[in-house]
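Peer 1: Residue strings, one per chain:
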Amino acid sequence: MYSDKVMDHFKNPRNVGEIENPDGVGEVGNPVCGDIMKIFITVKDNIITDAKFKTFGCGAAIASSSMATELVKGKTLEEAWEVSNKAVAEALEGLPPIKMHCSVLAEEGIHKAINDYRKKQGLPEWEEKNPHSHDHGEEPVCEH
Amino acid sequence: MYSDKVMDHFKNPRNVGEIENPDGVGEVGNPVCGDIMKIFITVKDNIITDAKFKTFGCGAAIASSSMATELVKGKTLEEAWEVSNKAVAEALEGLPPIKMHCSVLAEEGIHKAINDYRKKQGLPEWEEKNPHSHDHGEEPVCEH
Amino acid sequence: MEKKHTIYLDHAATTPVKPAVMDVMRPYFTEHFGNPSSIYGIARESKKAIEATRAQVAKVLGAAPDEIYFTSGGSESDNWAIKGVAFANRKKGNHIITSAIEHHAVLHTCQYLEKEGFTVTYLPVDPSGLVDPQELEKAVTDKTILISIMYANNEIGTIEPIAELGAIARKHKIYFHTDAVQAIGNVPIDVKSQNIDLLSLSAHKFYGPKGCGALYIRKGVKIDNLIHGGGQENRRRAGTENIAGITGLGTAIELATADIKGHNVRIAALRDRLLKGILETIPYARLNGHPLKRLPGNLNVSFEFIEGESMLLWLDDEGICGSTGSACTSGSLEPSHVMLAIGLPPEVAHGSLRLTLGDANTEQDVDRVLDVLPKVVAKLREMSPLYHKTGKEGGCNV
Amino acid sequence: MEKKHTIYLDHAATTPVKPAVMDVMRPYFTEHFGNPSSIYGIARESKKAIEATRAQVAKVLGAAPDEIYFTSGGSESDNWAIKGVAFANRKKGNHIITSAIEHHAVLHTCQYLEKEGFTVTYLPVDPSGLVDPQELEKAVTDKTILISIMYANNEIGTIEPIAELGAIARKHKIYFHTDAVQAIGNVPIDVKSQNIDLLSLSAHKFYGPKGCGALYIRKGVKIDNLIHGGGQENRRRAGTENIAGITGLGTAIELATADIKGHNVRIAALRDRLLKGILETIPYARLNGHPLKRLPGNLNVSFEFIEGESMLLWLDDEGICGSTGSACTSGSLEPSHVMLAIGLPPEVAHGSLRLTLGDANTEQDVDRVLDVLPKVVAKLREMSPLYHKTGKEGGCNV
Ligand SMILES: Cc1ncc(COP(=O)(O)O)c(C=O)c1O
Ligand SMILES: Cc1ncc(COP(=O)(O)O)c(C=O)c1O
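Protein chains in written order, with the numbering used here: chain A, 1 to 144; chain B, 1 to 144; chain C, 1 to 398; chain D, 1 to 398.
What the hints contain is simulated information worked out from the structure, not anything from laboratory work. Hints are supplied without guarantee of correctness; some may be wrong.
Subject to a maximum C-alpha distance of 25 Å in a straight line, what follows is the list of computed DSS-like cross-link-like pairs (lysine-lysine) [what the hints assert, rightly or not]:
# : chain 1 : residue 1 : chain 2 : residue 2
1 : A       : Lys11     : D       : Lys379
2 : C       : Lys379    : B       : Lys73
3 : C       : Lys261    : C       : Lys222
4 : C       : Lys115    : D       : Lys143
5 : A       : Lys11     : C       : Lys48
Whole structure, please, built from the sequences with the hints as guidance.
Peer 2: Here it is in structure tokens:
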């Protein structure tokens with residue numbers, strides 16, 4: 001059901017853990033739906049120099065967190081903001097349709113962490129461009 | 001599906017054929033339903049001294065004709081009249097429920113032949129006691 | 001008693017599982033037995049095998065894999081297609097068109113729907129068993145939601161003009177279902193060009209296992225579930241998948257359709273030899289069904305003055321397996337509805353014999369039948385009150 | 001990479017076909033493949049085998065052979081029982097009572113019937129998963145036509161008080177159906193003394209083949225057909241019989257019920273060893289389902305702060321096959337309705353692990369799980385934002 005890449009990031013997740021005194025934190029998901037992701041970032045000169053995560057969730061959720069944190073590390077905030085759920089899923093060599101929402105969560109977690117940073121800096125938060133533009137696959141929705 | 005006895009009387013039917021100048025003939029059944037039996041009898045001193053049949057029908061119909069003619073041979077007309085469909089079926093070591101109607105046909109054929117004889121003799125025909133007393137099993141009915 | 005070599009000539013009833021099919025199925029009973037809905041290794045194997053089979057079946061029909069749904073056989077597929085479409089489209093209309101010669105899985109389902117408020121038109125067929133496309137078009141009303149016409153008839157082997165019928169259905173935007181249970185392996189099928197929206201098939205008719213079939217449902221067709229429950233088959237058919245059966249179906253359909261043309265030539269040659277021999281040696285015999293538009297293995301002949309079951313019993317005694325349109329074990333005394341629909345008088349319908357040839361049959365088999373059958377027919381006619389040697393009155397001039 | 005020895009602990013999902021069962025089935029694929037409706041020798045063999053199986057199944061249930069109908073599995077049996085009784089008794093009433101923890105084959109069928117104008121009461125269960133007979137009695141109305149309560153739950157293993165529930169149904173002259181798919185082989189069943197009118201079972205849950213089940217229908221029960229067509233199964237279930245599957249079911253049920261008591265003692269001992277080990281070594285774990293009234297092989301434990309699928313993936317990596325009440329492949333993100341019905345908070349429901357033991361499991365298997373599982377749980381908790389080593393806040397006091 002999962003690609004080798006997903007299994008690799010599930011079994012050897014990159015960037016697990018918390019950052020002490022992070023510059024930004026984003027928590028997304030809902031225990032009712034079985035996924036919670038917490039993303040921590042360190043930002044230096046507008047660049048994400050470190051990213052870590054803690055995730056309660058399925059294999060795809062853990063792999064998506066791992067991949068998303070990998071993808072944003074070293075990127076400018078603007079670049080990181082553009083990392084879409086699709087990019088996460090593609091980097092994982094695909095996710096089953098019903099697991100696409102995990103990549104969406106990862107994107108949202110990154111966005112939340114960035115906006116948390118911007119808020120702390122007294123900057124206006126960036127807006128989600130089009131929350132319905134995600135590539136959800138045939139994913140079901142958890143209404144909680 | 002058929003007992004050994006049925007198969008024996010189907011494969012080696014007793015009394016097949018016509019009697020030339022019979023004393024009584026009974027034809028029953030309907031081609032629409034897939035069974036026609038024609039029973040011929042010779043009567044001497046109130047005793048059926050010979051019985052033959054011709055049958056268009058399934059294995060059970062042929063076996064029932066064979067058995068019924070066997071059973072009535074040597075009997076007085078009164079005794080032969082009492083040979084029920086159940087007796088024919090039992091002598092055949094049973095018939096499948098949906099084939100019980102074949103034994104009914106055989107009983108009716110014998111009755112018709114006897115009444116044909118009585119009519120020719122100027123005697124009143126005997127009445128079927130209770131046409132619905134037959135042991136039909138779970139047999140379906142052909143409405144023709 | 002010496003046991004006679006069995007000559008199986010009832011392939012329209014069912015077929016044995018081919019060794020190659022059995023080999024494919026075997027590991028799924030014991031080794032790769034995992035429930036495909038599960039997550040672990042052996043379950044993923046099962047899942048993969050099922051999806052591979054879906055692609056196999058789709059390819060044969062010219063469909064997409066996600067348009068193939070596995071069922072427990074032809075009857076379930078027919079029930080699902082007809083009830084599923086009927087109930088899901090009730091708001092659009094309540095009229096269904098089918099033919100008078102469908103399999104009972106279609107006819108009895110339609111009769112059930114009549115009790116549920118639907119109206120059903122049973123199209124007549126011509127004496128060769130063909131549905132007339134013009135009759136179909138005339139029967140269409142603005143309440144018609146489904147047309148179901150079988151691809152090939154199981155008794156007389158007549159092959160219907162499916163593409164033409166499908167085109168009429170498409171023109172009127174009515175769903176078109178075909179029961180192709182007898183057709184698989186005998187005619188090339190392409191659901192797209194033939195305008196088929198739903199198609200039933202059953203593995204045991206083409207050397208696959210019994211208890212496993214499929215329904216093709218074109219993407220976009222509105223249809224209710226028949227068996228509700230778990231999320232299997234893309235949430236459309238609940239029940240833990242019969243993996244062994246499904247993989248067997250896949251291999252069987254691939255083998256059966258690998259060389260349809262060759263199969264037709266070979267089997268029809270045997271069948272025609274048999275038919276010629278019968279018609280030459282047995283008087284008062286007639287072929288039922290279409291002389292040309294028929295399944296290659298199907299031979300259906302009526303012998304006047306005698307009844308089918310007694311013929312079968314004698315043939316069985318000689319190790320020959322056949323079938324009849326006479327009432328037999330069906331629990332009814334009426335002859336087959338198909339025989340009556342093509343206009344046979346009931347007594348002639350009762351005297352029909354169906355011999356359906358398959359892959360393993362040989363010329364020797366045919367010749368054996370040609371040796372045995374005339375004697376059987378003669379013996380039964382001998383004791384038939386309908387048959388008179390002189391003048392042979394009672395014959396229905398059919 | 002070295003392949004780890006597989007430890008299969010998902011017997012509630014499905015079981016492998018036993019060699020003895022396979023041996024019985026094998027000839028029916030290739031040799032005795034005749035269609036039981038036919039008249040010749042090989043067909044009569046098939047017919048005989050099916051009737052012998054009917055008697056085998058009847059004996060296990062305390063029923064008569066002609067009260068047993070073969071189907072394509074548990075889902076079909078459930079659908080048939082519920083829809084069949086509902087539609088056939090519509091004139092009497094439109095109310096159905098079932099429980100909140102039924103299998104989807106029952107629940108989704110009931111939901112379908114709600115769309116068709118029926119009213120359904122879903123009885124709640126207590127925290128151990130038991131239906132309260134008094135609650136059942138209170139739910140009965142003069143419109144109630146069917147009560148359907150499962151014999152044993154597939155997720156948490158709780159065994160319902162079937163005889164008591166059946167008695168209430170009988171008292172009110174309401175048909176009583178039980179889904180006994182998980183119960184066969186684990187509890188002695190007697191449909192007469194337990195007042196069961198309809199009972200579903202499925203062969204692949206007791207080492208028989210997938211795609212074959214049965215429905216017991218007490219003589220006299222008014223029920224519509226689900227699959228219309230040919231005259232098979234006493235004209236109640238159409239479709240060429242899956243002879244191999246049916247004979248396999250027969251042998252499997254005979255083997256599974258030969259020594260129910262011994263099976264219970266042996267399997268429950270293993271299960272209890274596993275449970276004890278888990279609760280002793282893993283904090284924040286709780287048993288789901290009834291501590292005593294449960295299937296001998298069923299263990300269902302929730303681990304707080306972590307999610308089930310990720311647990312399963314790690315276990316699979318170690319060759320251990322289990323299942324979860326988390327959403328997983330069900331296509332929904334909600335945790336299992338059973339877990340919610342027994343009152344688990346959703347996040348705890350997501351962290352449930354079901355391990356179901358079977359005949360082939362050993363103490364070594366159990367000890368292997370006890371070696372692996374604590375590490376898996378610890379690893380996942382380590383990366384869970386809900387788990388805090390100090391203070392361990394976030395625990396739901398359940
Ligand atoms: C309690 C229960 N009922 C019904 C079913 C459905 O059985 P099947 O998968 O054979 O259709 C299952 C198992 O899947 C079950 O556990
Ligand atoms: C034309 C046709 N339709 C449907 C069926 C039913 O298929 P099954 O017996 O697999 O349910 C059959 C055969 O029995 C058939 O010949």
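Peer 1: Now tell me if each hint is right for this structure.
Peer 2: Comparing the hints with the structure gives:
no.: 1; hint: A:Lys11 with D:Lys379; in the structure: holds, 10 Å
no.: 2; hint: C:Lys379 with B:Lys73; in the structure: holds, 24 Å
no.: 3; hint: C:Lys261 with C:Lys222; in the structure: violated, 35 Å
no.: 4; hint: C:Lys115 with D:Lys143; in the structure: holds, 23 Å
no.: 5; hint: A:Lys11 with C:Lys48; in the structure: holds, 22 Å
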